[in-house]
Every structure is written in C-alpha cells, then in structure tokens.
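Asker: Below, each chain spelled out in residue letters.
2 protein chains.
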Amino acid sequence: MRTFYYKNKPSIIGVSSVGGPKESAGELGEYIEIKSNDDTFGEKTFEKAEKKMLYTVIDNSIKNANKGIDDIDAIIAGDLLDQIISATFSARSFDAGYLGVYNACATFTEALTIGAALVDGGYLKNVVCGTSSHFSSAERQYRYPLELGCTRPPQAQWTVTGAGACVIGQGEGAKISCATVGRVVDFGVVDVNNMGAAMAPAAADTLYTHFKETGKTPDYYDVIISGDLGILGSRILTDLVWQKGYDISKNYLDCGAMVYKNAKKEYQGGSGAGCSSMVFCAYFYKMLREKKLKRILLMSTGALLSSLSSQQGESIPGIAHAVCIEI
Amino acid sequence: MRTFYYKNKPSIIGVSSVGGPKESAGELGEYIEIKSNDDTFGEKTFEKAEKKMLYTVIDNSIKNANKGIDDIDAIIAGDLLDQIISATFSARSFDAGYLGVYNACATFTEALTIGAALVDGGYLKNVVCGTSSHFSSAERQYRYPLELGCTRPPQAQWTVTGAGACVIGQGEGAKISCATVGRVVDFGVVDVNNMGAAMAPAAADTLYTHFKETGKTPDYYDVIISGDLGILGSRILTDLVWQKGYDISKNYLDCGAMVYKNAKKEYQGGSGAGCSSMVFCAYFYKMLREKKLKRILLMSTGALLSSLSSQQGESIPGIAHAVCIEI
Numbered sequence: 399m400r401t402f403y404y405k406n407k408p409s410i411i412g413v414s415s416v417g418g419p420k421e422s423a424g425e426l427g428e429y430i431e432i433k434s435n436d437d438t439f440g441e442k443t444f445e446k447a448e449k450k451m452l453y454t455v456i457d458n459s460i461k462n463a464n465k466g467i468d469d470i471d472a473i474i475a476g477d478l479l480d481q482i483i484s485a486t487f488s489a490r491s492f493d494a495g496y497l498g499v500y501n502a503c504a505t506f507t508e509a510l511t512i513g514a515a516l517v518d519g520g521y522l523k524n525v526v527c528g529t530s531s532h533f534s535s536a537e538r539q540y541r542y543p544l545e546l547g548c549t550r551p552p553q554a555q556w557t558v559t560g561a562g563a564c565v566i567g568q569g570e571g572a573k574i575s576c577a578t579v580g581r582v583v584d585f586g587v588v589d590v591n592n593m594g595a596a597m598a599p600a601a602a603d604t605l606y607t608h609f610k611e612t613g614k615t616p617d618y619y620d621v622i623i624s625g626d627l628g629i630l631g632s633r634i635l636t637d638l639v640w641q642k643g644y645d646i647s648k649n650y651l652d653c654g655a656m657v658y659k660n661a662k663k664e665y666q667g668g669s670g671a672g673c674s675s676m677v678f679c680a681y682f683y684k685m686l687r688e689k690k691l692k693r694i695l696l697m698s699t700g701a702l703l704s705s706l707s708s709q710q711g712e713s714i715p716g717i718a719h720a721v722c723i724e725i
Numbered sequence: 399m400r401t402f403y404y405k406n407k408p409s410i411i412g413v414s415s416v417g418g419p420k421e422s423a424g425e426l427g428e429y430i431e432i433k434s435n436d437d438t439f440g441e442k443t444f445e446k447a448e449k450k451m452l453y454t455v456i457d458n459s460i461k462n463a464n465k466g467i468d469d470i471d472a473i474i475a476g477d478l479l480d481q482i483i484s485a486t487f488s489a490r491s492f493d494a495g496y497l498g499v500y501n502a503c504a505t506f507t508e509a510l511t512i513g514a515a516l517v518d519g520g521y522l523k524n525v526v527c528g529t530s531s532h533f534s535s536a537e538r539q540y541r542y543p544l545e546l547g548c549t550r551p552p553q554a555q556w557t558v559t560g561a562g563a564c565v566i567g568q569g570e571g572a573k574i575s576c577a578t579v580g581r582v583v584d585f586g587v588v589d590v591n592n593m594g595a596a597m598a599p600a601a602a603d604t605l606y607t608h609f610k611e612t613g614k615t616p617d618y619y620d621v622i623i624s625g626d627l628g629i630l631g632s633r634i635l636t637d638l639v640w641q642k643g644y645d646i647s648k649n650y651l652d653c654g655a656m657v658y659k660n661a662k663k664e665y666q667g668g669s670g671a672g673c674s675s676m677v678f679c680a681y682f683y684k685m686l687r688e689k690k691l692k693r694i695l696l697m698s699t700g701a702l703l704s705s706l707s708s709q710q711g712e713s714i715p716g717i718a719h720a721v722c723i724e725i
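Chains as they are written, first to last, in my numbering: chain A, 399 to 725; chain B, 399 to 725.
Hint data in this document are derived by calculation from the structure and do not stem from the laboratory.
Heads up, some of the hints might be wrong.
Which copy? The list can't say, so a pair holds if one copy fits it or any two copies do.
With a cut-off of at most 20 angstroms between alpha-carbon atoms, the simulated SDA-like pairs for lysine to any residue come out as follows [claimed, not checked]: (1) 433 - 684; (2) 523 - 612; (3) 684 - 724; (4) 442 - 543; (5) 442 - 711; (6) 442 - 706; (7) 523 - 403; (8) 407 - 520; (9) 523 - 575; (10) 692 - 616; (11) 692 - 617; (12) 614 - 651; (13) 689 - 650.
Only a predicted model underlies this, so the values are computations on that prediction, with no experimental measurement involved.
Let the hints inform the model, and build the full structure from the sequences given.
Answerer: Now the structure itself:
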C-alpha cells in the first residue's frame, strides 16, 4: 500500500510564496505574497537569487504561522539545482534541523508527505516544507547557456521563477489527511523539451493508485491539482486516467497550465519545483482558508532526469506524490 | 527538539552491501556481501556502474529480509550524483514508492531517520533505505576529469565505491530506537579537499544535541560511529565534543577511517554516501546481530557543496544525522 492516512491530521498553519516578474504578472500574480520585478532579487547570480527566494518564503512562512525559529524542529526542502544547493544554503541560515529531499518538480508534495508524517506521528512539533526553482538557473544547468538564445519547441514549458513554503504543525489551518507515495514510471520519453509527456504516466499511476487504495472517486475532491504537466501533459493525464475508468475532466487543474497569462513564450505553461509550491501557497491555500475549496488533492509531478543521464542515453522517468488537503 | 523516539522500535530486517576492488581488499572486505574486482561492474560508464551497485543492494536487501517487492511500500534512497540519478534509476526497476533524499554523505542516516518514522508510525509497512557512491563518478563530477591524474593533498579522502541498503519493517533484527536530526553547520571551510574539517563541526553539533536532548552520555553506547570524517576529521570531532564536556575518545569509530587497509593513496580514508551505508550494512549490522555490539549511535556526515556553490565562492557547510540502533 502506498497510500496512508494521518490520524491526527496535521495542519498547514502558515504559508508564504514569492514569484518573479513573469509569475507576478501572470494569472495568479495577485495571490503571490512577494512579487518581484527583478529576477535577480538583488543577487549577483541566478543561483543566489533562487536561494534568496527559498530563504525568504521559509522565513516568512514561519512568521505567518506566528512562530519563531525556536518552534521549528526541521526544514524539509529541495530544489532542482545540483546537490539541492538552494535548499541547503537556505537551511544554513536557520537554527533548525534539515532534511534535504529531491524528486525534481514533485519535491513539494514529497516534502509534505514526509513532513506531515513526522508531525502527525509526534516525532517533530513543527516543520517547514519548501521548494524553489528559477528559470535562469534551471535553463543553464539542464539545457543551454542563456546567452545562446535557443528557440524553444512548442511542447516546451517555462521553469517558474518562484518558491513556496508552508509550516506544518498543530493548530488552525488546512489539514493534511492522507498521502499516496508515487513510484518511478518510465514510458521511454527522451525529449528533454517534453516534460509533460514524460511525467503524465507517473501522475496517472499515482492518481489511479490513490483511487484504488482509498476507494474514492474523482468527485470526492473539489479539485484535483497536478504540479506542472502543462497544457499538453494535462491532456495526456486526463486521457490516461480515463482509460483506467476515472473521469477527472470536470475538476482537474494543473499549476503549470494556470500560472502564466496568455502564454506565448511559455508554450505549455510553467514547470519547476517552485511551480506547485508557489501556486499552492499563493492560491490554493487561500481558497481553502476562504472555504471556496474544501478538499483538494495536490499532486506535484517530477521529471527525474539529469544532464548526464540524458547524455548517457537514458530516457526520462517521472514521479508524482499526492496529498489530500482539506479544511 | 531535534531528537525523537520510535515507540514501536522498527527493525532492520535485512541488509546488503557491495564494494569495489579497493573496498573489497580493505579492512572490512571480508564482511562485504558482494565484492567486485571490477569497478565498472560490467557497465559502460561509472555512473551506470554506481546505479547497478545501488540497484543490487536494494534488490538483495529485500531478498535477505525474506521479502518480495510486493511487501515493500517505498524505497528511500539518494546518492552524490546530480539529481541523485543512481537512486532514481535504481528505483525505476522496482514496483514500489520512491522518496528521493539528499544530504550528501549524510544521506544514509537521513533515509533511516525518515524510513523508521514512516514504519514506526504505521504509515508504511516495509521500506528500503539505501545509498551509494563511486570514486570515479564522484571525482569527475566534483573535482577533476580522471584523465588529468591530479595529485591529491594529504588532507584528501577517497570516495568509496560501494553501496549499502537495508529493509526497515517489523520483525527480528536490530531495532532503531531514536534519531537526532542534524542541522546545517558552516565553519567557513572552503578547501574542497578537506571534507573532514568541513563536516566535523556539524557532527559535533548533532552529537552534542543528542546528548543534551536525551540526557545520555557517550558511555551509553558500545560505539559511536561517524560516517566519513576520515582520520583528521575524526580527531577534530573528538576535540570539539571534548570542549563541550563529552569524552568520546574511548568508544568512537569512523567508517571512513576504518574502510581502507594501510591507507596510502587514500590519505585520510574513505568518504562518500556509500561509505557509511556499506560499512554499516557489511560490518556493524553483523556485529549487532552477533551481539558483539548491543547499542550503537550511527551518524552519517555530509559536506553540502556543489561544484557551482564552490565556484560562486560559497564555503562548505556540513550536516550529520544520528540514529540509535540496538539489539
């Protein structure tokens, strides 16, 4: 069984989100807590800018939860950079435990899954879960030097410059009630510009497993949310779960497909480890707190490649972890 | 509080270890389950060789626990390669959940800390925790191309070519009774060849926190084991905890300092995410099962750098997580 329940339903007691210029001008810009019109955030490199974003949302989420760093037992964080340096160097600034996690763009719900268990089981009192990504740091690490100005194919997505973090503890807030741990699923996609197609089979596997193991159907949720499949990947997911007998066409959204306004250069929409964390912490958490949504299934989705794995001829497997959050 | 107890004391019910030629010929060679005299393990690249090692120990640990893959709910794994591809591509071969973790060479006890909580709390039934490293894949990623034949300074360590994995579940075996989550500690070391010095302050912080929060003293343990501080780093750790009022000089060992015989080229000894997992699964687990040791504190230690963080002028912070294992 890959699905389990949190008996004490730990709460998300504080959130924070930050977005870059493009994200702040996007569909959900008004909901983002810290909107920046400078994608360097005053730093000398894009990597340092990403670290600053993640540091900021961790720090703010603790304040927004009315807690101090003394109340936080651990930070559970990850990002897309080699050796998850954004998470590590953010955590360095806090006097709290640190557990680094990495499942590419599925890292946010991976962190929530682990963090909620550590709080629910009484092991730790309050934990912060956070992830980040930055278009420019990801682009030059995974694909091409920015200076090359490479054109992008229509199936490409745009890595979100943003971060989101939330504090899990006991108290008022949206509750995390159950989780389904994803498995690595590989359909043999090798196009590093088509992440949606690479991740959709893993998302379908997690959704199908979640429904099968819980006995629930899609209409149990006000909305089912994937992380960053993008417009094309979302369609593939809808088709794949339809083939398994589940219709999610009426209550399904994708953070990546939602994040940009009138996407042109972004083609299929946003992606990145900061995509689902920023969108959840900015928008969906607010919808839950205002009771416009009462029960959601949040499923961040990740493409598990590295530059080296692609160079050595590997295909791109995907993964997705789902958490049920309700108010 | 960063220390917590596992009420149901989950067991390590099966282990497996693999070592390369140098490790198999080392001090602990006789204890390693799979000894290879070929550091490519029949693969075309060192990265694929590392993946094969990790895959093999995950697979064998499940068999050694008398379990099948259907009994395993999740694999919790990580390694030193960018985007932890050894872990990801190993997990791809198993029909089980996957949680990728990364705390450099501290990843093994990070995985144990999380895995034991997930089993102890009743969230998952059996999980596999595993980590790997490979001298040649690490060297060319973090330092220099192998073909350059760079000389190494005397404070350097040698990345272990090896892997270890264990199954955590309920049943007969050594029990995991408590854990202390480490925090990121940075003393400003910038020498990428002196990992022991970079990690020792974090190890001292975790040990000190463990003693303070549990009220225990070093003599509570038959042996306190660090991951890969090496000979020099071990001395620094002993001094640092001495300054805090704890004497570990009588019952302290370091996996990195133990692993090679008559170290010459290896200078301060072994390092790498596979160092503590291989040594624990090969040697210490056997000592526990044979009751030659009854209670140990295993503390893997990690240096949280990336090539890029060093290039951008960052120092090297460390981290260490400690787990108490007893029989």
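Asker: Does each hint fit the structure? Answer for all of them.
Answerer: Hints, verified against the model:
no. : hint      : result
1   : 433 - 684 : within (16 angstroms within a copy, 55 angstroms between copies)
2   : 523 - 612 : between (27 angstroms within a copy, 17 angstroms between copies)
3   : 684 - 724 : within (12 angstroms within a copy, 46 angstroms between copies)
4   : 442 - 543 : within (17 angstroms within a copy, 28 angstroms between copies)
5   : 442 - 711 : between (34 angstroms within a copy, 11 angstroms between copies)
6   : 442 - 706 : between (27 angstroms within a copy, 14 angstroms between copies)
7   : 523 - 403 : both (18 angstroms within a copy, 13 angstroms between copies)
8   : 407 - 520 : both (11 angstroms within a copy, 14 angstroms between copies)
9   : 523 - 575 : both (17 angstroms within a copy, 18 angstroms between copies)
10  : 692 - 616 : within (14 angstroms within a copy, 50 angstroms between copies)
11  : 692 - 617 : within (12 angstroms within a copy, 53 angstroms between copies)
12  : 614 - 651 : within (18 angstroms within a copy, 51 angstroms between copies)
13  : 689 - 650 : within (18 angstroms within a copy, 55 angstroms between copies)
When held up to the earlier numbered hints, the structure conflicts with none and fits them all.
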